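Those protein sequence lines, which keep their order, are chains A and B.
For the first sequence, position 172 (counting from the first letter as 1) is numbered 172 according to my numbering, and the numbering increases by one without interruption.
So the mapping is simple: my numbering equals the position in the second sequence, first residue as 1, plus 1000.
What the hints contain is simulated information worked out from the structure, not anything from laboratory work.
Be a bit skeptical, because a hint or two may be false.
[To be verified] Simulated crosslink set (EDC-like; lysine to aspartate or glutamate; CA at most 20 Å straight-line):
#1 A/332 x A/237
#2 A/109 x B/1297
#3 A/107 x A/2
#4 A/109 x B/1210
#5 B/1456 x B/1210
#6 A/107 x A/237
#7 A/109 x A/203
#8 A/311 x B/1138
#9 A/107 x B/1297
#10 A/238 x A/136
#11 A/311 x B/1210
#12 B/1450 x A/200
#13 A/311 x B/1211
#14 A/311 x A/237
#15 A/109 x B/1233
#16 A/286 x A/2
#17 A/286 x B/1252
#18 B/1218 x A/309
#19 B/1006 x B/1455
Quick caveat, the model's predicted, so the values are computed rather than measured.
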Amino acid sequence: MDFLNALVALSNFVIVPAIAYGSQLALGALGVTLIYGILRFSNFAHGDTMAFGAMIAVLVTWGFQAAGIGFGPLPTALLALPFAILGCIVLVLITDRIVYRFYREQKAKPVILVIVSMGVMFIMNGLVRFIIGPDDQRFSDGARFLISARDFKAITGLREGLAIKTSQGITVIVAVVAVALLFWFLNKTRTGKSMRAYSDNEDLALLSGINPERVVMITWIIVAALATTAGVLYGLDKSFKPFVYFQLLLPIFASAIVGGLGNPIGAIAGGFIIAFSEVTITYAWKKVLTYLAPESLEPSGLVQLLSTDYKFAVSFVILLIVLLFKPTGLFKGKAV
Amino acid sequence: MSETTKNAFLFAIVGALILVTGVLQGWNAAILILNMGLISAIMSIGVNLQWGFAGLFNVGVMGFVALGGLAVVLVSTPPTPGAWAAGGYGVVLSLLLGAATVVAAVMIAKKVPKGRAQTLSIIGVLVVGFFVYRAIFDPSIAAVEAINPAVEGNLGGMNLPVLFAWPAGGLLAAGAAWLIGKTALGLRSDYLAIATLGIAEIIIAVLKNEDWLARGVKNVYGIPRPTPIVGYEVDLQQDPDFIARAEWLGLDPVTASTLSVKLGYSLLFAVILVILLWMAQMALRSPWGRMMRAIRDNEVAAEAMGKDVTRRHLQIFVLGSAICGIAGAMMTTLDGQLTPGAYQPLRFTFLVWVMVIVGGSGNNFGAVLGAFVIWFLWVQVEPMGAYAATLMQNGSASLQASLSENSSGLLQSIASGLVLMSDHIQANVQHMRMLTMGLILLIVLRFNPKGLIPEK
């Protein structure tokens, strides 16, 4: 019984939140990794792209709510998601046309593109703050829990409850669908294959008649869709705040690099590695250990390895370890 | 027009802008812009050293600036009575033990042959070390933080004159830079960017949460001023000599005292800036500076000539970060308080980058000019935007008023939409800054990538 209680407590506080957070990071890291693979630079504006997409979703959701359109027990934001993706696609395509294309034609060094993306980050950040303000915005509605802790206790008779938020369930389902679509696209369609070819070897791809501008455009479209989805899911799960998306940049980059920049499977694995380490290291283990340890060995403190304020430090340390011992990442990215 | 006259002309324009601010918005505002401009100029010399000389992409400026601020607290504030006895030694001991643990683990990784024995002993050392560290660290900080938490609750500093804190800030930043450079330099440039971005966030997190160090988000107030160059307003207002001089200048003593304090800072900062600028200029012209630029332009060729690229990169990375640390210490001294919550990456990292790139990367005078220009804009964009928004508001309101009742519905809805939009812009005008800075950066990068004063 104690073992079951420990397991439930562990799932409730560590496994379920980490899976949801990992899915959000994975979607974000996929965007970073695709840009890196095709356009060959680290996009510092990615966090703010997520914020922009999520912002449109928030605004459209508010519009739907005002018009009385709902999605039953599911959050209205899911209905708004397609509009948000469209808005975000328009923004990144305009950005690419006005800003990035010039440097691509010049064959500028990657670090110049990184600085350019810094400028884009400023502008997107300013836009988001200008339109919706820098504060927290709540836009989730619908049922709050798939299973609430109390129901779970009543059904199983255990002392610990397992609560699964609707946002967590939706995050996982949407992430799985998005990833499945992405991989189907990359592996089965002609365009997806041309993208992979372009990423592997630009010159060879150009020789075989692949249109680079088309590949770049499709990459941006996919990235905008992924970024918006990740942004909306994160916003539903926590709350929407522009600055938080900027701060997500570090764990997202850590995920992409840990998995191997330019490698989509690596990005997903990296997202989950970062999320699970962050949550397990900042979780106070007292509850779980009290169930498992014999009474004489029960911990007196919280048994928290690191306070939650330092969760960025976790992704950072993992990043450093990977950079030191395996700079190409766990799944053989292209960076050296 | 020769190059020198052109550059002097550019600097004169910035000076004139500050003077105009003085006439229109008051001299206090103008000198404030000047002081922060001087500090920004020092930061951009630091970043220019890394980026302009060596092509290193450091986006952790904020962290080094904050470390400079921390040094001010640790050096110049008085020690908290009883804090050292209560837990200060325990804190130091536990930190030393923590460092020893990491060193031991690295030693094992280097000395013991690879295999299961090595992995197990590394893990063992880390786990044991961590628990010993926490066992000493936790009670010690609890004891320190329990001392008079409303005003103290930290270890306090060494009670030395605040000027000593400035080089100390540089040293602290240099230490952090050495650690980060050791791991991330030598890999591709994007990785240094991500690593510095991360270290900056972590430094701010430490400052915000470790109350025993610098009171965390409760802030440290009342940092002493660099007397006698910078006095205190209250003392000056009671000094008969000072009042006499103020009257001779035709100023009332209160205004004169605030101006005198600010000008004292300007003087100090200007001296430091001139010294650092001279040093950077000498470095740029020396064989060392030429070697740095050679490495920047072609690492492979430089390496083939026998230059140790990674070591040189580490050297200049540490130097540049130290300069940022000095600037951070100066800024905290100017503010008179350390507020960890105020460190924002967009303001302290990316804005400095805009300064360097707009001014002219690779040219020290360019970096200084860029710092003044961008800082001036950063301060003034908001009132300018507010003024423009007011014009828009008035315009759209009068448009709405001029429409008679029998105007078409479309016109009326356009007018009311314009009113709403200008109200929104007015309410959010402070976010104009980000947009403007981003636009300036992109425009300069596109049409004038060498900046206002290009590298020679």
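**Message:** For a quick check of understanding: which of the numbered hints are violated here, in increasing order?
**Reply:** Those not satisfied are hints 1, 3, 4, 5, 6, 12, 15, 17.
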